[in-house]
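Chemist: All chains should be built: construct the whole structure from the sequences, respecting the hints.
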Amino acid sequence: MRNRKNLFYAIILLLPAFGLYCAFLLYPIAQSVYMSFFKWKGIMNTPMIYAGIDNYRRVLIDPFFWNSMLNVFWFMAGGFLVLMPLAFGLALVITSKLRGLRFLKTAYFMPVIIPLTAVGLMWVYILQPNWGLFNTILQGLGVKDAAINWLGDPKTAIFSVVLVNEWIYAGFNMLIFAAGIMAIPEDIIESAIIDGASSWQRLWRFTIPLCSESFKIFSILCVTGCLRHFDLVYIMTRGGPNHATEMPTTLLYSQAFVYRNFGQGNAIGVIILVCGLVLTIILNKFLSRED
Amino acid sequence: MAVKRRKISILKGFAYALTSFWAFVTIYPFFITLINSVKVNNEIFGKMFRMPGEWHFEYYAQAFFDARMGRYILNSLTLALMTTAVTAIMGSMAAYVLARTVFRFTKAIYLLFIVGVMLPIHATIIPVAKIVSGLGGIDNYFMLTLVYVTFQLPQAIFLLTGYMKGINREIDEAAMIDGCAMPAILFKIILPISMPMVATASIIVFIFTYSELIFSVILLSKVDLYTVSRGLMYFTGVYTVRMGPIFASIVMAVLPMVLIYVLFHEKVQRGMLAGAVKG
Chain F
61 MRNRKNLFYA IILLLPAFGL YCAFLLYPIA QSVYMSFFKW KGIMNTPMIY
111 AGIDNYRRVL IDPFFWNSML NVFWFMAGGF LVLMPLAFGL ALVITSKLRG
161 LRFLKTAYFM PVIIPLTAVG LMWVYILQPN WGLFNTILQG LGVKDAAINW
211 LGDPKTAIFS VVLVNEWIYA GFNMLIFAAG IMAIPEDIIE SAIIDGASSW
261 QRLWRFTIPL CSESFKIFSI LCVTGCLRHF DLVYIMTRGG PNHATEMPTT
311 LLYSQAFVYR NFGQGNAIGV IILVCGLVLT IILNKFLSRE D
Chain L
217 MAVKRRKISI LKGFAYALTS FWAFVTIYPF FITLINSVKV NNEIFGKMFR
267 MPGEWHFEYY AQAFFDARMG RYILNSLTLA LMTTAVTAIM GSMAAYVLAR
317 TVFRFTKAIY LLFIVGVMLP IHATIIPVAK IVSGLGGIDN YFMLTLVYVT
367 FQLPQAIFLL TGYMKGINRE IDEAAMIDGC AMPAILFKII LPISMPMVAT
417 ASIIVFIFTY SELIFSVILL SKVDLYTVSR GLMYFTGVYT VRMGPIFASI
467 VMAVLPMVLI YVLFHEKVQR GMLAGAVKG
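Sequence order for the protein chains is F and L.
Read left to right, the first sequence gives residues 61 to 351 (the numbering used here).
Read left to right, the second sequence gives residues 217 to 495 (the numbering used here).
In short, the hints are calculated from the structure, not lab data.
This structure is a prediction, so every number in the text was calculated from the model and none was measured.
Using N, Cα and C, we set each Cβ at its ideal position, and we do this for glycine too.
Careful: at least some of the hints might be erroneous.
Simulated pairs of lysine to any residue, SDA-like, Cα-Cα distance not exceeding 20 Å [what the hints assert, rightly or not]:
1) L/K228 / F/W264
2) F/K345 / F/W264
3) L/K263 / F/V203
4) L/K438 / L/G353
Covered, in the sense of this in silico footprint (three residues per stretch, anywhere, with C-beta under 8 Å from a C-beta of chain F), are these stretches of chain L [said to hold, decoys possible]:
5) 259 to 272
6) 363 to 372
Modeler: Right under this line is the structure:
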């Protein structure tokens with residue numbers, strides 16, 4: 061009797077959250093897979109025409125799509141080559157017993173909580189080619205005709221956005237590594253010191269291997285995060301110049317809401333979804349085997 | 217010994233250099249935006265790093281009224297507040313069931329919620345736009361709130377379930393013997409105890425919702441209803457005779473978040489970290 065009453069209450073308490081979750085997340089995901097096999101112009105009451113895998117074929121022969129995947133790769137490369145060493149380095153320092161660092165920890169984290177649109181806009185003007193801060197400083201440092209159009213030149217645009225992205229997330233990822241470093245039992249490091257290991261050896265033989273969980277979390281967040289970048293690119297370049305900074309998500313947006321090819325948009329959505337899941341599973345497997 | 221000590225001090229020096237350098241790199245762009253928000257164009261172009269000669273505080277009034285930033289900020293705060301309240305209530309209701317009951321379906325539902333955090337929301341924007349416009353919910357804050365709540369629930373449920381699992385079960389059992397039903401136990405006993413985590417989860421929901429962009433782009437069309445992020449998009453690549461108000465707009469958009477962060481930075485950091493690490 062009591063159990064049945066509890067079952068009733070459990071369902072009542074779960075229902076609002078789970079209902080919404082089904083209506084606006086699970087059902088849309090299913091819907092997006094389903095709609096990716098149809099052509100649809102996005103107008104209510106117009107028919108959806110079955111198109112088989114034609115939407116996927118169109119996406120996969122689109123050079124802009126492959127360019128957007130290359131940009132995802134640049135985001136990942138930036139993540140592992142710039143963000144990871146930077147965040148780990150900061151975490152090492154912040155967890156050491158040097159004084160006066162608590163304030164810094166708070167400061168580093170700041171960019172993450174600011175709206176990405178505001179941060180992006182801020183950097184658009186700092187990187188402005190003719191009068192922006194960045195080129196002004198370069199000129200001041202003696203680079204005479206520094207007038208690089210950071211965001212306007214297809215060659216530099218994506219790297220500029222990637223670096224702004226690393227600027228935003230350095231403090232956040234620092235905390236992930238700092239949590240890993242602080243979890244290392246102190247006696248392990250102490251006995252290493254007694255055994256005469258140099259700080260360099262301690263870093264490579266103990267600190268880094270014992271933080272493998274943090275590196276795993278970083279890798280998964282970085283890889284899945286790179287696939288879904290939207291806000292920053294959209295505010296800074298709108299995917300331009302000449303589609304040079306297009307991401308899969310910005311392509312999805314413009315295919316659907318600008319060109320009204322909802323089928324192709326959904327096909328891109330499904331590709332993002334599948335890539336994300338596959339990469340997460342691979343990373344989980346690959347990284348847990350190491351320890 | 218002397219060599220060793222010198223080596224340590226070099227390391228220390230390097231550590232301080234790295235940290236102060238990064239602190240400078242982090243703070244400086246905000247500082248630059250702040251000082252340029254009161255400058256005339258002549259003092260901005262090529263001189264962004266200089267302190268203002270004339271201080272044009274009226275640019276803030278222009279940003280607030282003419283560029284409608286006041287309206288957008290109020291809209292975003294409203295949406296964020298509604299979303300936070302609904303997420304906190306629905307989230308704790310669900311979390312309580314997921315943390316306490318042992319029905320076969322609860323574990324499955326919990327896993328489903330956790331998987332939800334990994335799903336890229338952008339893959340859902342087309343169907344969500346279709347569903348919402350089918351329900352006549354374009355330009356409707358109530359609908360937008362429900363969409364926001366959906367995408368904030370997994371995180372909140374994860375944090376709250378973890379916290380509630382840590383609360384001693386004997387408290388529930390005692391209350392049950394006294395004849396309390398599940399909802400009463402939740403709202404009278406468990407929820408008050410869980411307040412620290414409800415606060416943490418709420419702050420994070422608030423921050424995310426305040427800044428949200430993509431759904432405000434596809435689900436809002438009336439300028440009066442625009443959010444901060446949607447409003448700021450207007451400025452991308454805009455160069456006008458008066459840049460000051462644009463910088464002032466950025467400063468105002470950022471201000472509520474900075475305020476929250478200054479007040480609650482421990483909670484913000486801990487909450488975001490816990491949310492990220494679950495995977």
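Chemist: All hints are to be evaluated individually against the structure, with a verdict given for each.
Modeler: Right, here's what the structure says about each hint:
no. : hint            : verdict
1   : L/K228 / F/W264 : holds (18 Å)
2   : F/K345 / F/W264 : violated (23 Å)
3   : L/K263 / F/V203 : holds (16 Å)
4   : L/K438 / L/G353 : holds (13 Å)
5   : 259 to 272      : holds (count 6)
6   : 363 to 372      : holds (count 6)
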